[in-house]
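Q: Here our numbering is used: the first residue of the sequence shown is 20, the next is one more, and so on.
Simulated from the structure, these hints should not be mistaken for laboratory data. Certain hints may be false.
[Said to hold, decoys possible] The calculated EDC-like cross-link candidates involving lysine to aspartate or glutamate, where the alpha carbons are at most 16 Å apart (straight line), are:
#1 K107 <-> E90
#2 K93 <-> E112
#3 K107 <-> D88
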Amino acid sequence: VEAAAESSEELMDEYLNNGELSNDQIRAGIRARTLACEIQPMLCGSAFKNKGVQRMLDAVIEFLPAPNDVEAIKGILDDKAETVGERKASDDEPFAALAFKIMNDKFVGTLTFIRV
Numbered sequence: 020v021e022a023a024a025e026s027s028e029e030l031m032d033e034y035l036n037n038g039e040l041s042n043d044q045i046r047a048g049i050r051a052r053t054l055a056c057e058i059q060p061m062l063c064g065s066a067f068k069n070k071g072v073q074r075m076l077d078a079v080i081e082f083l084p085a086p087n088d089v090e091a092i093k094g095i096l097d098d099k100a101e102t103v104g105e106r107k108a109s110d111d112e113p114f115a116a117l118a119f120k121i122m123n124d125k126f127v128g129t130l131t132f133i134r135v
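When you get a sec, could you build the whole thing from the sequences and use the hints?
A: Pasting the structure below:
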C-alpha cells in the first residue's frame, strides 16, 4: 500500500490522513509506478497446474502499458542494408514481428515462434 501511495502527492496525503487507500487508488498507484519503471509487480503461479494464470493476465492488463502507451519500436529491416525501421502500435503500420525461436518438428516440420 505504501508503494502505491508514493506514486503521487494526492495518494500520499490520502494515506497519511486516513491510514488506508481504496482498491482503485492502490491499483492506480501501482500502475503509475510500474509505467515510470520505479517498481516491478511480481506474481507467482503455475501454467502447468493453471494456478495464478488468470490473476497474472489480469495484472498484465491492469498494470502494464498498452501498445499505444509506449514509443514506436525500432529494429533492423530485412533488406540486407541494415536499415533501421520504426513501427508504431497502429493498424495502419505494416506488419512486423521478431522470430525468437526456430524448431524442427518431425510431424509438423519447421516451426517459427514470433513476437508480434
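Q: If a hint holds in the structure, say so; if it does not, say that too.
A: Against the structure, the hints come out as follows:
Using a Cα cut-off of 16 Å, the hinted pair K107 and E90 holds, with the two alpha carbons roughly 7 Å apart. Among the hinted pairs, K93 with E112 is consistent with the structure: their alpha-carbon atoms are about 13 Å apart, no more than 16 Å. With a CA separation close to 10 Å, the supplied pair K107 and D88 stays within the 16 Å bound.
When each numbered hint is compared with the structure, no violation occurs for any of them.
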